[in-house]
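Colleague: If you want the building blocks of each chain, they are given just below.
2 protein chains.
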Amino acid sequence: MQEIDFTWPKGFQTGTAHAGFKEDQQLDMAWIVSDVPAVAAGVYTKNQFQAAPVQFTKNLINQNHELQAIVINSDNANSFTGQEGLDHANETHQLAANKLAIDPNLVAVASTGVIGKQLEMDKIENGLDQLGLAPESDIAHAILTTDSCEKKTTVSVMIAGQPVTITGIAKGSGMIHPNMGTTLGFITTDANITGEVLQGLLSDLIQSSFNQITVDGCMSTNDMVLVLANGQAENALLDQSTTQANDLADFKAGLKAVLVALAKMVAQDGEGSNKFVQATVVNAASVVEANQVARAIVGSNLIKAMLFGEENNWGRIVQAIGQTQAQISPNHLDIFLADVPLVKDSQKVLADQDQVATILAQDKIDLTIDLHVGEATGQAWGCDLTYKYVEINAAYEG
Amino acid sequence: MQEIDFTWPKGFQTGTAHAGFKEDQQLDMAWIVSDVPAVAAGVYTKNQFQAAPVQFTKNLINQNHELQAIVINSDNANSFTGQEGLDHANETHQLAANKLAIDPNLVAVASTGVIGKQLEMDKIENGLDQLGLAPESDIAHAILTTDSCEKKTTVSVMIAGQPVTITGIAKGSGMIHPNMGTTLGFITTDANITGEVLQGLLSDLIQSSFNQITVDGCMSTNDMVLVLANGQAENALLDQSTTQANDLADFKAGLKAVLVALAKMVAQDGEGSNKFVQATVVNAASVVEANQVARAIVGSNLIKAMLFGEENNWGRIVQAIGQTQAQISPNHLDIFLADVPLVKDSQKVLADQDQVATILAQDKIDLTIDLHVGEATGQAWGCDLTYKYVEINAAYEG
Chain A
1 MQEIDFTWPK GFQTGTAHAG FKEDQQLDMA WIVSDVPAVA AGVYTKNQFQ
51 AAPVQFTKNL INQNHELQAI VINSDNANSF TGQEGLDHAN ETHQLAANKL
101 AIDPNLVAVA STGVIGKQLE MDKIENGLDQ LGLAPESDIA HAILTTDSCE
151 KKTTVSVMIA GQPVTITGIA KGSGMIHPNM GTTLGFITTD ANITGEVLQG
201 LLSDLIQSSF NQITVDGCMS TNDMVLVLAN GQAENALLDQ STTQANDLAD
251 FKAGLKAVLV ALAKMVAQDG EGSNKFVQAT VVNAASVVEA NQVARAIVGS
301 NLIKAMLFGE ENNWGRIVQA IGQTQAQISP NHLDIFLADV PLVKDSQKVL
351 ADQDQVATIL AQDKIDLTID LHVGEATGQA WGCDLTYKYV EINAAYEG
Chain B
1 MQEIDFTWPK GFQTGTAHAG FKEDQQLDMA WIVSDVPAVA AGVYTKNQFQ
51 AAPVQFTKNL INQNHELQAI VINSDNANSF TGQEGLDHAN ETHQLAANKL
101 AIDPNLVAVA STGVIGKQLE MDKIENGLDQ LGLAPESDIA HAILTTDSCE
151 KKTTVSVMIA GQPVTITGIA KGSGMIHPNM GTTLGFITTD ANITGEVLQG
201 LLSDLIQSSF NQITVDGCMS TNDMVLVLAN GQAENALLDQ STTQANDLAD
251 FKAGLKAVLV ALAKMVAQDG EGSNKFVQAT VVNAASVVEA NQVARAIVGS
301 NLIKAMLFGE ENNWGRIVQA IGQTQAQISP NHLDIFLADV PLVKDSQKVL
351 ADQDQVATIL AQDKIDLTID LHVGEATGQA WGCDLTYKYV EINAAYEG
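In order, the protein sequence lines correspond to chains A and B. Quick note on numbering: the UniProt record's numbering labels position 343 of the first sequence as 343, and the sequence is numbered without any gaps. Quick note on numbering: the UniProt record's numbering labels position 380 of the second sequence as 380, and the sequence is numbered without any gaps.
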């Protein structure tokens, strides 16, 4: 498995347009289309006010785990819009299917942007008129809202002698605290795999990728990650049979690499952030607890503000760990900043303050916590809390 | 029951000193002393790394719910300090008991400040040398750390014809997200009540007072609220007998008024805050769920930043409610800003924007949420998220 230059897998094309949601001719609508029907899997926000496109696409995928196209708009989330919002999602998918001349049941929809505003269907129609098909990458730009950069990645995996490509794009910068799905993430692959196996892999891997990032503790109504696999790589079908155990493990590693890479890009582009933070928890009682502690650390406002200020206030890390219900050993906690121990066996270590200051000044901060109670490991990713975060969210018009 | 000018209940005296923890001769040590042994109740942080004074005082109170004095220092939390920290707590209580010439088992200790630093016993001894006894109020100042103002209140209740006084002081401004106890709160009363009844009242009332405030989602290692009742009002003993049901209800109302008033003062003085926020949730399925939703609203970084920016971005309130597990009725949600409806039956209301802007410019913001699923009510209190919060916590030295 290796990361390669961004490219679309065999048989996938995209289109982008300025439909009129955003100002200044900015791209605000896009679609991803497979030449043939692809198996599909999805994970969705657990926010109780799930937005219309999330409800709609979830129902669609759960019917038979098959899709051929995803239509996406930014700047309007079609969230908290009632039956009218669901009607708009349905209308969008019908119109797109007509234009592509495919079965509407193969067309999913996704939206991101402001909550509580009805989707302007004249803009949707305007966008659909313009959408073409080409193997281009500016779709990674068209789906952004407050993001400051595109999030996209491609890996290549060999499956029984056949090269398989896995490509993902994502958006997200604020209201980032996913649970079972997140933000918007779209992964395409030419792998030949069953929908059931694909859904199983996604539901498993999302726990240690997108669900382990947080920007502000706020879980969006529109979070959704979809994977489409169109089989064009023509590898032997990946199903539940044990003969493909190794091939499946290889594909899973590739899919995980794409999910983790995108998740880290979203965390790194957290609204107003200066620094990217990775927390690694080792020797926890279970993976669930390791992940829980890691996410508590990257989610703490006090730790986030401390990292912005480049202060070594490790007491806040102790506080955040203790706030979780994870099993701890009160007298055997170790905390490392990069490879410098700050706490060893629950005792403060007299670290070289110049060295600590140098590490804290970097724009990527690595924290490692050794809980000394088991053998499980977990990671989480986040960013610092800055004046800019407050500014962005004090001024954002809803 | 009525609020009266700040005063200590009969038979309580206090002392303050500059022990040397803080600079510039600032007060940093204090005690509260009853003329006679008082029944005592406490609630304590659920952070797993409970600080030494919290562990120590909890053990002491659980022995026989009786105390005569509480010794408090600020600027050093004696938290995450291992066995040495417990030894220091024990030594402080012995030294204070010697000076007061009372049984050490009647002397509790409390600390607040930096985590992970051993308590300097020479400063404790220096402070104890200076501590006197007088019915003064500057103890509310001596226990502060990053707080910008004192938190103190007194109410008077008639219990079977006898006036009973209940007085509370508290501190807390950052790392505020209590669970079963909080920050530091000390309540004294001259009521005649059993320790068992007092503990029951406190454990119940803390859920809808201190446990319903949040500044930053971070639960301290040192949170603790203690109540001492010395019986000097000489009212008929409040115990479990039903003949005192009305008297007990009156006392409970007074105690609740003190706890809620102090909790609101702590929320209002949240680090860097410009605005105080009260969320009221009505018609919830249960009090637990009403409290949960109210606290989710005052705890949301996005809502807090929006209030700082004085924007009417009510989609974030929907998001925060949906993130909880509380029962909702998706098409019947109402949101009010003061008495102005923003959302009615899950539909946006076209509010008068000038009126909304005027309300958002005030320094106390009232949000009311009607869930339309039951009859329970809950409230929570918090503050906005400001540049100043980031500045304070980026610069705070640990």
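What the hints contain is simulated information worked out from the structure, not anything from laboratory work. Quick caveat: nothing in here was measured; it's all calculated off a predicted structure. Heads up, the beta-carbon is just placed ideally off N, CA and C, and yes, glycines get one too. Among the hints, erroneous ones may be present.
Far from chain B, by Cβ distances over 12 Å, these chain A residues were calculated [as the list claims (entries may be wrong)]:
(1) 5
(2) 24
(3) 82
No farther apart than 27 Å at their CA atoms in a straight line, the calculated lysine-lysine pairs in the DSSO-like style are these [to be verified]:
(4) B:388 x A:388
(5) A:99 x A:46
(6) B:46 x A:348
Colleague: Determine for every hint whether it applies to the structure shown.
Modeller: Comparing the hints with the structure gives:
no.	hint	verdict
1	5	36 Å, holds
2	24	22 Å, holds
3	82	6 Å, violated
4	B:388 x A:388	12 Å, holds
5	A:99 x A:46	32 Å, violated
6	B:46 x A:348	23 Å, holds
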